[in-house]
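*Asks:* Going line by line, the protein sequences match chains S and X.
When the first sequence is numbered by our numbering, its final residue is 1087 and no position is left out of the sequence of numbers.
When the second sequence is numbered by our numbering, its final residue is 507 and no position is left out of the sequence of numbers.
Some hints could be false.
[Stated by the list, open to error] When the alpha-carbon atoms are kept at most 25 Å apart in a straight line, the in silico BS3-like pairs for lysine-lysine are as follows: (1) S:Lys421 / X:Lys266; (2) S:Lys955 / X:Lys266; (3) S:Lys421 / X:Lys497.
[Stated by the list, open to error] To be clear about the criterion: a stretch of chain X counts as covered by chain S if any three or more of its residues have a C-beta under 8 Å from a C-beta of chain S, and this derived list gives those stretches: (4) 254-261; (5) 272-280; (6) 304-310; (7) 313-322.
[Stated by the list, open to error] Pairwise CB distance ranges (calculated): (8) S:Arg667 / X:Pro240: 31 to 37 Å; (9) X:Glu322 / S:Gln920: 39 to 45 Å; (10) X:Asp461 / S:Asn540: 38 to 44 Å; (11) S:Arg667 / X:Ala259: 38 to 44 Å; (12) S:Pro511 / X:Glu484: 29 to 35 Å.
Source of the hints: derived by calculation from the structure; they are not laboratory data.
Where a beta carbon is used, it is the ideal one built from N, C-alpha and C, also for glycine.
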Amino acid sequence: MKAVFASMLPRYTSVALALATFAASTALAGEATYVELSVYPPAASLNHAADYQSVVAVAKRADGVSEDVTEQVEWSLDSEVAFLDGSILRPETNGHGILHAKLGELASQCDVTVTGVEVNKPISYRHDVIPVLVRAGCNSGACHGSARGKDGFRLSLFGFDPKGDYERLTREMTTRRINRALPDDSLLLVKAVGGVPHTGGKLFEHDTVYYEKLREWIESGVPNDLEGAPTVESVEFYPPRVVLEGAGTTQRFVAIANYSDGSTRDVTNLAVFSSNNDSVAKLDPSALATAGMRGEAFVMARFDTHTVGSQVIVLPEGLEYEAEMPPPVNYIDELVDSKLADLRLEPSVQSTDAEFLRRLYIDTIGMLPTPEEVEQFVADATPDKRAKKIDELLEREEFSQIWGMKWAELVLVRTENNRVDYKAMFLYSEWLKEQMETGVPLDKMFKELIGSSGSSFDDPAVNFYLVEQDTNKISENVAQSFLGIRMQCAQCHNHPFDRWTMDDYYGFTAFFTQISRKRGSDYRDWLVFNRGSGESKHPVTGQNVPPKFLGGEQPDTKGRDRREVVAEWVTSPENPWFAPSLANRVWAHFMGVGVVEPVDDFRVSNPPSNPELLDAIGTHLVDYKYDLRQLVRDICNSNAYQRSTVTNQSNETDTANFAHAQTRRMPAETLLDCICQVTQAPEKLPGLPVGSRAVEIADGRSSNYFLTTFGRARRDSVCACEVKSEPTLSQALHLLNGGTVHSKIAQGKLVRTMLDEGSTPEEVIDAIYLRCLARKPSDTEREKLLAAVGDGDKPVAELEDVFWAILNSREFLFNH
Amino acid sequence: MPHYQGLSRRSFLTVGSLAGLGLTLGDYLFLRQAQASESATALSEKAKSVIHIFMPGGMSAQESWDPKPNAPIEYRGELRAINTKIRGEQFSELLPQTAKVADKMTVIRSLTHGEAAHERGVHNMLTGYRPSPALVYPSMGSVVSHELGPRNNLPAYISVPNQFDPSAGTGYLSSSFAPFSLGAAPERNGFKVRDLNLPGGVDEVRYNRRRELLDLVNCDFNDRVAADNVGAMNTFYERAFDMVNSAEAREAFNLEAEDGKMRDRYGRNQAGARMLLARRLVEAGARFVTMTYGGWDHHNQITGNMRRLMPDFDRAYAALLSDLDERGLLDSTLVLVSSEFGRTPKINQDGGRDHWPKVFSVALAGGGVHRGSIVGSSGATATEPDDTPISPEDLATTVYHQLGINAEKELIAPGARPIEIVKGGQVRHEIVG
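Same shape as in the complex, but just chain S (with noise of 0.2 Å):
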């Protein structure tokens, strides 16, 4: 029986407290011992007469539970300047105060600004209209926002293009969709309250904000402030994190607007909501949060372009949880088992030295360790023999090989007809097997490859530019390979479910506008240079748009390479997604599923599994200067990619938040050389001499029917789906029937010689457990087998036929 206790103390804010061996109970939810009270937001500022904001005050129990007490706490002002209406505050005069919560023995305050009293704000198209449409749903891509528009009226998609829609809105129809003499008889105003048959239905009511918004301004005679008015910088949305306990549960949230003059508004009333989970956390238009059934959700809010979102767990009530969990080994295991912590989910055992040694050369050298290993691994008694056995991997060449693979999947390393010659593609991918040999940091290598110019042949990185030649293609690559970033959407509209818009789009793309190309002395030969010139044009307003990083700042080019410019930028420290997005991708090849997944999909509506963990992976591959071994390193010691792949009642369903290790099927190419490898019998591979292993294989165009049908990358796109590890019925038929398996035991001899030189049958099956399953068959399987086999003399195939079962295998195909 472990140690019961209930915490009494402030848990969440030390992480170290979370990984002692801890235990909770939630008998004592019902009285309610807060630790900790929050109001949102932080600061209040009120810059206009009828300017306001409603607060939230979230108070944090003991057990990590949040619960939200607006209602309950004590709220004062501390001067003049504005008053509390319900929840929300108003301006009174101008000048500064504080507002206090008080909750029991706890406090917590927000500050308020109040400017501007006297000022009556004006309607405007930009703040107050389209937000209005946007909420409403008109310019969804299902309604207005189609690219036909719908029944007679077409808006831009989710408003990128509010000049237009502002034309659209005001010069088409004119006196009946807007009806200055008669506001309230606009169709734009009919149509949304249902007072004339609407394909999309009633969408509000008379006395709404909303209505009352669209008719001030067709009142005020449809007012065009989008020169001049201010933008939107950023959106907050609080409270950032809630754990809540049991369904039914609510928590309101607030959604806040930063103007580029300065000044804020609750957006509560105008940002879309949304939750990436609605049965565990749903998030009504008002923003209340309600909770559903266990899990995990991330509840969202749109505003203007910017969408941001908050964690939601729900736990049942009266969950009982306690977890014994190991100390943990460095920064990675306190980061994860703080969120096991979070979750009441207990991690699974630690895998045994046979289970580790397996997985780990595997993951690090695609291969299986050799009998002797085995058994030398297991019986040394060194008590830091894993993390020996770690470093010695490290240095083997064939992870440099397996590494090299991977980048090359991410870099497109093909041959294209008239593009990229053999010899060129060849050169490309023994740059990159050089640069992991050689432990080149991956900043610096992949800083070369983005500016790169040069021949093909003396500079193997410019084949990048060479086997894609579409410069929107080439922009989209960039962002999605290096920074984790799909930025597809917005070549045509705003991104719906990203920060993107197409001015982002097209600024980013601008870097690639002036990359030329010419034939090389060698007719397999290109050049690829800067012509110094070329433009990016943005098809909506037709206009040039100047070189500009994503979400950040335009940079002077003047004079130089876009593409240096852009490659400094991209594989900078202070870039926000190329580190994360490197270490998660070597996260998620060593533990089977990123900390964002997919690992080419970083966007605000695909949050990481563990914000804390991505940041503390990305900041240390930074500190390590880029180099992949220390961070494989750490992943591999951590106690988190140790665990067993058997799992616990509290953590069978969990996929997202590394309890157990995950079961993974062998990927193609580590598959065929681990069969070549335990039957002695090797493959001729296309391009390359007998013996060779797939992983070596340069060329994405190059496979065969094993490689192809066990989801080998054609490196058609960067898209990390390329590389396909889900079973298929082809799989288990070419395994039974085809050559590879069969032909391959048959071929290798190694049940005859063996049985030449004198082994027992039982000898012989032992041999084949452990090369092949890294492990001795259990007394009772050995004794099966042996029946099965029979007492023959030389019973080559029956014992082959052992051999075959065990290649067949789930403990062989699957990395476990």
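On the provided structure of chain S, position chain X as indicated by the hints.
*Replies:* Coordinates of chain X only, in the frame set by chain S:
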């Protein structure tokens, strides 16, 4: 016995998709049971199988099912219209054989959706859902495989020759419900599905020994590890054994077994060979066979391209409908011909037509679909539905309905999210009885 054998197909999925956090397995199974009984298909099946002929690229309706002979030339195009077996209704002149069997089919001329990009349109038409950045939906074939499972040892869902688009896959469902891809094109000489037959030197006795040994070796691992992908692999091995052990199942893939006259009737080309194979497969028990034919993204020279592609389709499709009918299989086999979208009302400056999801045509036959009927209209110029607009949701719901699947039923996506098979679709009685 490995424990997975003790689980039903449904509960197997359940375990797999309990991803994220959530209920205990017990709760979950209870819930699923409750749900299963609630929607336990009170529907009676009319169709036993579906042949889905997909025309990738966006096939023009104006040059096939929905000619506009009275529209101005820039809308009408260069092709003429011919009468069909449906009184007063015409098809393009490129469909003479099909026109003669039009009394077996229903053509929807008012299909409509809003996705004008290929991959998005394909997703919409194959899954009944608009693409979402948060979730990948399963294709109709995978849902059918999940709901109905395999029959007569044949895979429930088969792609001829390969899964042609990511949207034709399992989406959020376990990969166990993925299509079986032939991996070889039936129109090729010497077409053979790989690895269906035992390797040389392995007789049935030896094969059975191998299988017994494999069970022995798998036992321990399968008892300990309950991962979704391991379960999927187990399922596929079971299916593979079933298929290899069944001569009938293997024979279904053998196009050579058809006599020469039948092969000529369908045409010895891509369309003919694929449709004939699809007929063999559903006859033998496959539930959902998806095949593709041609490439229909005709931004240029649409007349020439349609003249090149249509005749083989016409011959094969007419042969397929007649052949199924002669065999008494048409009433239990729903044949669906669709594409991701149609093409613009006007011919463009390159003599082609561009993408147009606003209105286009889909053809159905068999499986309880009305015989000899036209549903909806695309107006004078094929610009938008003139009446009876039909959405991809409606189409999918109707197809599911014919198979006895209630499209309102909820499946479980990762994170234990219940998701309706189709959201907001109607069974359209304009199409089925």
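*Asks:* Is the hinted pair S:Lys955 and X:Lys266 satisfied, with a Cα-Cα distance of at most 25 Å?
*Replies:* Satisfied, since the Cα-Cα distance of roughly 24 Å is no more than 25 Å.
*Asks:* Could you say whether the range 38 to 44 Å given as a hint is met by the Cβ separation of S:Arg667 and X:Ala259?
*Replies:* About 42 Å separates the Cβ atoms of S:Arg667 and X:Ala259, which means 38 to 44 Å holds.
*Asks:* Please check whether the stretch 272-280 of chain X has three or more residues whose CB lies within less than 8 Å of a CB on chain S.
*Replies:* holds (count 4)
*Asks:* Examine the stretch 304-310 of chain X: at least three residues should have C-beta closer than 8 Å to a C-beta of chain S.
*Replies:* holds (count 5)
*Asks:* Next pair to validate is S:Lys421 with X:Lys266; report whether the Cα-Cα distance is within 25 Å.
*Replies:* 49 Å, violated
*Asks:* Given a hinted range of 38 to 44 Å, is it respected by the beta-carbon distance of X:Asp461 and S:Asn540?
*Replies:* 40 Å, holds
*Asks:* For the stretch 254-261 of chain X, do at least 3 residues have a Cβ located nearer than 8 Å to some Cβ of chain S?
*Replies:* holds (count 3)
*Asks:* Need the status of pair S:Lys421, X:Lys497: alpha-carbon distance at most 25 Å?
*Replies:* 21 Å, holds
*Asks:* Is the hinted range of 29 to 35 Å satisfied by the C-beta distance from S:Pro511 to X:Glu484?
*Replies:* At roughly 32 Å between Cβ atoms, X:Glu484 and S:Pro511 fall inside 29 to 35 Å, so the hint holds.
*Asks:* Would you say the C-beta atoms of S:Arg667 and X:Pro240 sit inside 31 to 37 Å of each other?
*Replies:* Given range 31 to 37 Å: holds, Cβ gap about 35 Å.
*Asks:* Go ahead and decide if the range 39 to 45 Å is satisfied by the Cβ distance of X:Glu322 to S:Gln920.
*Replies:* The hint (39 to 45 Å, Cβ to Cβ) holds, given that X:Glu322 and S:Gln920 are roughly 44 Å apart.
*Asks:* Taking 8 Å as the Cβ threshold, is the statement that the stretch 313-322 of chain X is covered by chain S upheld or broken by the three-residue rule?
*Replies:* holds (count 5)
Going through the hint list in order, the structure does not satisfy hint 1, though it satisfies all others.
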